[in-house]
Structures are given as structure tokens and as C-alpha cells.
Amino acid sequence: MGFSEPKESKAEEEQLVKSLQAGQMDSFERLANLYQKKIYTLSFNLTRNAMDSEDVTQEVLLTLFKKIHTFQGRSAFSSWVYRITLNATYMKLRSRKKEQSISIDELLPSFNGSGFQQERTQDWSENTESLLFDNEVRETIQKAVNSLPDKEKVVFLLRDVEGLPTENVSEILELTIPAVKSRLHRARLFLRKKLASYFDEYKTRKEMK
Amino acid sequence: MICCKECLELLHDYLEGALSPNVSASLEEHFEDCPPCIAFINTYRSTTDICRAALKDIEIPDTVKEKLKEFVEKNKKT
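Residue numbers (our numbering), protein chains in the order written: chain H, 1 to 209; chain B, 1 to 78.
Please note: incorrect hints may appear among the correct ones.
[Stated by the list, open to error] Computed, partial: chain B to chain H, Cβ under 8 angstroms:
#1 4
#2 12
#3 17
#4 19
#5 36
#6 39
#7 43
#8 47
#9 49
#10 56
#11 75
Hints were generated in silico from the structure; no laboratory data involved.
Using N, Cα and C, we set each Cβ at its ideal position, and we do this for glycine too.
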């Protein structure tokens with residue numbers, strides 16, 4: 001599951017950053033165009049609120065513009081932007097009432113004493129893409145991701161939804177690679193189980209019709 | 001033979017090809033006789049695919065795009 005960026009676009013981006021640092025204002029517009037969708041999507045997936053995501057996107061673009069001279073190139077530019085996005089998003093979320101999240105352990109797989117799976121594992125993996133045309137399915141997936149504990153959610157969004165390499169996620173979140181992998185695995189297990197119960201019920205419901 | 005629990009704990013690394021060939025082979029040996037684990041792997045993979053598909057294609061609303069454009073223009077001039 002690798003999604004590395006093409007080299008040319010990375011070189012172009014580096015050039016844009018350098019020219020903005022040198023005071024070329026047109027570069028700001030181009031960087032804003034390159035990043036605003038990424039910023040908005042990440043923020044929206046964390047807040048599920050269009051107004052908050054709009055505010056966050058503006059704030060991040062402004063920070064990018066005003067603080068570009070502080071970017072020293074020690075990390076990837078994209079990691080710097082994602083970090084600013086996460087900080088701005090968490091500030092927004094902090095101002096809202098905290099929703100109760102469920103414990104991740106409740107949704108991890110269960111085994112018997114000899115280590116064999118206890119649950120009935122239905123294979124719902126075929127044709128899941130076509131299910132996405134159903135709004136109810138999309139909403140259920142969004143809610144499931146939203147119910148992940150924060151630590152796992154951000155790793156899942158950056159790695160599996162944005163498609164960033166594990167190394168970049170570790171850089172953005174200042175976590176070790178094993179920690180990123182372990183949180184991602186827990187997030188996937190949690191979501192898999194949530195979706196498994198939903199698709200079981202969904203299938204039965206459709207068959208009854 | 002290793003059990004389901006051990007296999008599923010190693011699943012992330014197995015799918016990334018990060019396990020040693022020996023360990024990988026013992027997982028595969030287990031999977032051959034374990035349909036529940038096969039179903040688990042398929043649905044584990046699908047979880048990522050379907051969540052990405054459901055969350056990735058968020059479009060910035062046109063009105064917001066317009067506002068961001070004005071915002072960028074304004075800041076460019078300052």
C-alpha cells in the first residue's frame with residue numbers, strides 16, 4: 001500500500017516553498033491550491049463539520065503564509081503542513097464538548113484459550129465498492145471512523161485515507177514507526193469489526209426485501 | 001502450528017511484506033486450513049479500501065473555494 005508522490009511534483013513544491021520564502025507572493029497562491037483540499041479533507045474527517053473545516057483551512061493557509069520563513073526543511077514540507085492542520089483542528093475540537101468514545105479493546109478480535117478465533121467471521125469483502133453508492137453505507141463508515149479513539153483515528157486518516165507513507169506519519173505525529181504501525185493495526189481491527197456487524201445486518205435486511 | 005491470534009497480530013506486517021520468509025510461510029500454512037482467517041484478511045483489507053473510498057473524495061464546497069480564493073488574494077497583497 002505505497003502511495004509515494006512523484007519526484008517532479010516534490011521538486012516543484014520545494015521550488016515554490018523557496019520562492020515564497022524569498023517573497024514571491026504568486027507562490028503562495030500555488031501552494032494554497034496544492035494543499036487546500038488536503039487540509040480541508042483532513043480537518044473535515046476529524047471534525048465532520050464544514051464550518052470548522054473552512055476556518056481551519058483559512059487558518060492553516062494564513063500560518064503557511066506568515067510562518068513560511070520558520071520552515072527549515074528538516075522535515076518534508078507536507079509533514080509541516082499536516083502538523084499545522086492537526087494543531088488547528090485540535091484547537092477547534094477542544095472548544096467543543098467532548099463526545100464519549102468507546103474503548104477500542106471492546107472491538108478487537110476475541111480468541112479462545114488455544115488462540116483460535118471465536119467470532120463467526122463473515123467475508124463481506126466482495127463488491128464493497130458498489131455499496132458506497134448507498135448513502136447509508138457511507139454515513140455508517142464515516143460514523144465508524146469518527147468513533148475511533150483520537151490517537152488511532154489520526155493515524156488511520158493520515159496513513160490509510162490520505163495514503164501517506166508510515167515514515168511521514170511518524171514524522172508528523174512525532175511517534176516511532178512501531179507505534180504508528182501498532183495504532184494503525186488497532187484502528188483497522190476496530191473498524192473491521194464495526195463494519196462486519198453492520199454489513200451482516202445490512203445483508204440480512206436486503207435479503208428480506 | 002501457530003494459532004489465529006498470533007497470525008492476526010502479525011497481519012499488518014504480513015501484508016506489508018515486513019515479516020521474515022519463515023514467519024510468512026508459517027502464516028500462510030495456517031491460512032490454508034483456516035477459512036475464518038482468510039475471511040478476516042479479506043475484510044481487514046477491504047476495511048482500508050472502503051473507508052478510504054468513503055472519506056477521500058470530500059470536495060470543498062464552491063462557496064468555500066471562492067472564499068479561500070479571496071482570502072489568498074487578499075493576503076498576497078499584504
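Here is what the structure says about each hint:
The beta carbon of residue 4 (chain B) comes within 4 angstroms of a beta carbon in chain H, closer than 8 angstroms, and the hint placing it at the interface holds. Annotation: residue 12 (chain B) was flagged as interfacial toward chain H, and the flag holds, the nearest CB pair being 4 angstroms apart, inside 8 angstroms. With its C-beta approaching chain H no nearer than about 10 angstroms, residue 17 (chain B) sits outside the 8 angstroms limit, and its interface hint is violated. Because the smallest distance between the Cβ of residue 19 (chain B) and any Cβ of chain H comes to about 12 angstroms, over 8 angstroms, the interface hint for this residue is violated.
Annotation: interface hint on residue 36 (chain B) holds; nearest CB of chain H at approximately 4 angstroms, less than 8 angstroms. Hint status for residue 39 (chain B): holds, given a least beta-carbon distance of 4 angstroms to chain H, under 8 angstroms. Contact between residue 43 (chain B) and chain H, as hinted, is supported at the beta carbon level, the nearest pair being about 5 angstroms apart and thus within 8 angstroms. With 8 angstroms as the threshold, the beta carbon of residue 47 (chain B) comes within range of chain H, its nearest partner Cβ sitting at about 4 angstroms, so the hint holds.
Of the supplied interface hints, the one on residue 49 (chain B) holds, with its beta-carbon coming within about 7 angstroms of a beta-carbon of chain H, less than 8 angstroms. For residue 56 (chain B), the shortest C-beta to C-beta distance to chain H is roughly 6 angstroms, which falls under 8 angstroms, so the interface hint holds. At about 5 angstroms, the closest approach between the beta carbon of residue 75 (chain B) and any beta carbon in chain H falls short of 8 angstroms, and the interface hint on this residue holds.
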